[in-house]
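Protein sequence lines, in the order shown, are assigned to chains A and B. Counted from 1, the first sequence has number 17 at position 17 by our numbering; the numbering is strictly sequential. Counted from 1, the second sequence has number 97 at position 97 by our numbering; the numbering is strictly sequential.
A couple of the hints might just be wrong.
Unchecked claim - What follows is a list of derived Cβ distance ranges for each label pair: (1) A:VAL270 <-> B:GLY161: 51 to 61 Å; (2) B:ALA214 <-> A:MET424: 54 to 64 Å; (3) A:THR663 <-> B:ALA90: 47 to 57 Å; (4) B:GLY161 <-> A:ARG274: 49 to 59 Å; (5) B:PRO18 <-> A:LYS551: 33 to 43 Å.
Calculated directly from the structure, the hints in this document are not laboratory data. Beta carbons: idealized from backbone N, C-alpha and C, even for Gly.
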Amino acid sequence: MLTPIEKILFILLALVSAGFTIHGFKTIIDTIRKGRPAPELKNIPGSLVKAAITVLFQRTIFKARKALSAVHLGLFFGLITYAFVNLFDVMEGLIPNFDLTYSGKHIAPPAWTVPLINAYNLISDVMSVFLLIAITVFLVRRFIVKDKALTYRENVLLNPKVKAGGQARDSLIVGVFVIMHVTAHVLSQAFRLTEGADPFMPFASFLNSLFGASEVGVHVAWWVSLGWVMFIIPYLSRSKHTHFFMAPVNLGLAKQNPRGQLDPAIPLKVIDGRKYDPGAKVITDLAWKRILDAYACVQCNRCQDVCPANFYGRPLSPSALEVNKRYLLKEATFGSHPDLLQAPLTETVISPEAVWSCTTCYACVRVCPVGNEPMADIVDIRRRMLIDGFEIDSGVQTALQSLATNGNWMGKGKRLRGRWAKEMEFPVKNASEEPVEYLWFVGDTASFDERVIPNTKMVARIFHQAGLDFGILYQNESNAGNDVRRVGEEGLFEQLVEQNMAAFGKAQFQRIVTTDPHSFNTLKNEYPQFGGKFEVKHYTVTLLKLFEEGKLTIKNKLSHYKVTFHDPCYLGRYNGGFTAPRKLLELLGVEFHEMPRNCENSFCCGAGGGQIWMGKVAPGERPAENRIKEALSTFQSHPSDKKQLFIVTCPKDMIMYSDAVKTTGNEGKIEVRDIIQLVAEAVGVEEVSQIVG
Amino acid sequence: MNIVVAIKHIPSIADDLPVKGNNVDFDSVDFVLNEWDEHSIEQAVLIKEAVGGTVTVVGVDLIGELDNALHLALAKGADKVVKITADDPAADSHQQAKWLAEAIKGMGADMVFAGVQASNDIDGQIGPMIAAYLDMPYIGGTSAIEVSGSTATVSKEFPGGVGMKYAVTLPFVAGVQSAPKPPRYAPVSKVRQMAQTATVEKVAPSGEASSGLAFKKMAPPVVTGHAEMIEGSPKEVAAKIVELLKSRGLA
Numbered sequence: 001m002l003t004p005i006e007k008i009l010f011i012l013l014a015l016v017s018a019g020f021t022i023h024g025f026k027t028i029i030d031t032i033r034k035g036r037p038a039p040e041l042k043n044i045p046g047s048l049v050k051a052a053i054t055v056l057f058q059r060t061i062f063k064a065r066k067a068l069s070a071v072h073l074g075l076f077f078g079l080i081t082y083a084f085v086n087l088f089d090v091m092e093g094l095i096p097n098f099d100l101t102y103s104g105k106h107i108a109p110p111a112w113t114v115p116l117i118n119a120y121n122l123i124s125d126v127m128s129v130f131l132l133i134a135i136t137v138f139l140v141r142r143f144i145v146k147d148k149a150l151t152y153r154e155n156v157l158l159n160p161k162v163k164a165g166g167q168a169r170d171s172l173i174v175g176v177f178v179i180m181h182v183t184a185h186v187l188s189q190a191f192r193l194t195e196g197a198d199p200f201m202p203f204a205s206f207l208n209s210l211f212g213a214s215e216v217g218v219h220v221a222w223w224v225s226l227g228w229v230m231f232i233i234p235y236l237s238r239s240k241h242t243h244f245f246m247a248p249v250n251l252g253l254a255k256q257n258p259r260g261q262l263d264p265a266i267p268l269k270v271i272d273g274r275k276y277d278p279g280a281k282v283i284t285d286l287a288w289k290r291i292l293d294a295y296a297c298v299q300c301n302r303c304q305d306v307c308p309a310n311f312y313g314r315p316l317s318p319s320a321l322e323v324n325k326r327y328l329l330k331e332a333t334f335g336s337h338p339d340l341l342q343a344p345l346t347e348t349v350i351s352p353e354a355v356w357s358c359t360t361c362y363a364c365v366r367v368c369p370v371g372n373e374p375m376a377d378i379v380d381i382r383r384r385m386l387i388d389g390f391e392i393d394s395g396v397q398t399a400l401q402s403l404a405t406n407g408n409w410m411g412k413g414k415r416l417r418g419r420w421a422k423e424m425e426f427p428v429k430n431a432s433e434e435p436v437e438y439l440w441f442v443g444d445t446a447s448f449d450e451r452v453i454p455n456t457k458m459v460a461r462i463f464h465q466a467g468l469d470f471g472i473l474y475q476n477e478s479n480a481g482n483d484v485r486r487v488g489e490e491g492l493f494e495q496l497v498e499q500n501m502a503a504f505g506k507a508q509f510q511r512i513v514t515t516d517p518h519s520f521n522t523l524k525n526e527y528p529q530f531g532g533k534f535e536v537k538h539y540t541v542t543l544l545k546l547f548e549e550g551k552l553t554i555k556n557k558l559s560h561y562k563v564t565f566h567d568p569c570y571l572g573r574y575n576g577g578f579t580a581p582r583k584l585l586e587l588l589g590v591e592f593h594e595m596p597r598n599c600e601n602s603f604c605c606g607a608g609g610g611q612i613w614m615g616k617v618a619p620g621e622r623p624a625e626n627r628i629k630e631a632l633s634t635f636q637s638h639p640s641d642k643k644q645l646f647i648v649t650c651p652k653d654m655i656m657y658s659d660a661v662k663t664t665g666n667e668g669k670i671e672v673r674d675i676i677q678l679v680a681e682a683v684g685v686e687e688v689s690q691i692v693g
Numbered sequence: 001m002n003i004v005v006a007i008k009h010i011p012s013i014a015d016d017l018p019v020k021g022n023n024v025d026f027d028s029v030d031f032v033l034n035e036w037d038e039h040s041i042e043q044a045v046l047i048k049e050a051v052g053g054t055v056t057v058v059g060v061d062l063i064g065e066l067d068n069a070l071h072l073a074l075a076k077g078a079d080k081v082v083k084i085t086a087d088d089p090a091a092d093s094h095q096q097a098k099w100l101a102e103a104i105k106g107m108g109a110d111m112v113f114a115g116v117q118a119s120n121d122i123d124g125q126i127g128p129m130i131a132a133y134l135d136m137p138y139i140g141g142t143s144a145i146e147v148s149g150s151t152a153t154v155s156k157e158f159p160g161g162v163g164m165k166y167a168v169t170l171p172f173v174a175g176v177q178s179a180p181k182p183p184r185y186a187p188v189s190k191v192r193q194m195a196q197t198a199t200v201e202k203v204a205p206s207g208e209a210s211s212g213l214a215f216k217k218m219a220p221p222v223v224t225g226h227a228e229m230i231e232g233s234p235k236e237v238a239a240k241i242v243e244l245l246k247s248r249g250l251a
């Protein structure tokens, strides 16, 4: 189709474009390689295939925003189709008489290819329409409806170029490109239809009926369509739309370790004898995979939507973290500021206040369609801030100092840990002194907090009644260190692990049961790295087993309660412990209603990752308060006179939500109870203690 | 600038305080660093960071467990640590001040800091006694110390929001009430690194002194009653208070 001069021009243009594209992606790859070693990945080809399938079905985006995700699906398949479209368009341009209209009759194809050609013509024609619709929806959403989900809070640290509208500009360029590219392609086909409509090209045939056929039109439309591509591909490597290429790769290389296992503060793998300080101060202190994160992110802000800190009005947006990282990398590698690679992350990427607002609830990582881990960056930044002597919140400092000296964050002496057990009406075995089947790891809050101790005692009574052979470690138990590690105090975490491992070593037990999801998480997922090879159960699982084995039986069905259940982050999202509590509630016979945000999508109470230690309380509606409102509105759609209960399975939740019920003025409307209180009532164990104070 | 910080190891009250005879049962109590000493270490390190110099931390090892506190001091920025191996958990503040002064004597200190008091005896004697033994001036209850040349500007806070600044010529002894900033956090990895690499200099206790006081009796406080919250409008509350006072024969 093209004249010889056009062909030469096109090939030259393609070479220049390829040059810029190769330079772009080589720069990106070199930048990613500047990152630290990441935990070893196993079976990378397998993971990549799995990721390809995920991408093909667009599985991960449907975790949120279902309607927009469907539009994204259209866009995705449209662009995939257009990869082929562009290939055939180039062939049309370069190969004389290559023309696929009218079932390809101009090229006299073998008979068996005719259906394929028809299918191609139809798919590309229909996909063109889908693409135009999809891109229009996205452009309207961003520029006309101005969806707030695409913006950031005023107090979130943003790269000046993002603030000046860099992302919107990228969107506009790519949006206009897609519209012009697709329109030009379809027109180039429409102008070829010299013999009227092609039944396999309805859209092109429609345009043909408006504009007719034109030899010049074919050339102009072809150049517009393909010329744009030659410009846009190198551009993509320098914009947020690196997403197109990097998202599938990132998904294929995503975290393989359990969700509840943080990457080490110092890489285990050392390259060329390099020495690493713990955590991250500058961007190249991050693992290479988390530099890749920045290129995979297209700033859809799904993470921001589910972030409890962001909800609370804190200056944290996981998405802003990623976009700031990418702009920093762009200015350092494509721009003229290589020194930015040495700029502190807390000045360029995320504000210190935002760093300390994260509850480590994992919602951002869970919801991210491309497998990013902004939370891991935050923990790494905390780690270095602690080592570098940044002034930390006084409450956190007090907690850490107490943890270092007393093994608990409450400033209580070690010997007081088992005091509640000594007050029981039956002896609670000391697992350090006699063998037990179940070693009950009680945790700090359940051991020391007066508001939670009645529940702790009730767990002991129920275990005792069921004939469970259990014991506790008394003063030999130390805080498991889950939140210590997430606050960034890796050294203290290791010290606590050593103390607990020593205590476990002296005790004889078959498995661990814990009432604390935070302890559960680190014991299960992180202690194995320190030699802790034991089975760990959350008490909801153990209780369910006791019922199933007939060791506990229901005497009173609790049908007079209307309840909802809050999934604790570290039991649910982190460790998939969704079913045991729900099965228990079913057994107990309560009227159960699920909140809109449940299981994987549960909303954090706001206490995790050290937030419960913070001395300063920020103004605004707290996540726990919002959650209580969610529970009440859930109950509202099922009106009855039954007593309304908010059921928890985490000592921290007991405190957070009891407070939230008071601060939202909902006392009398809803009551927070640990599931053990319901179990006690159902099996007829006396002294169901109410929360006090 | 050569700054010496004298610290004190005291029984922890995180647990219930065990009593044996007429004193604390030292065998079943943990020892911790006196809270005010954390401030004097911080104050010393801040001065070092501002004008340079060395910080030496010295303390009496009462139960053989002072190393932890010394490693912590090193992790916070002290350069050298010294322990006086006394092994006498009941040593009073006068005795400790004498031992500390003897140990500090040869150090050529420009400034000596001690916590203004300790929560075990609350007698505030260590600083002044050291000053007396070393024949240096003493200033107690400081809230900030800045050094320029051979003069220090020492801030003190008084009730009613009154602040005062003193110009003090070096050398001197200060009883630190608080550092101008909260004592910094020492990450455990640094403390442990110090525990593995640092050397703690040992000094034998020398000299005798005593406050001349003896414990007659030590007992946990007896719980006599609880606070009663009076509810109602201000008028009702006032009426109830009057009634209560009358019923106790106080009005």
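Hints not upheld, ascending by number
2
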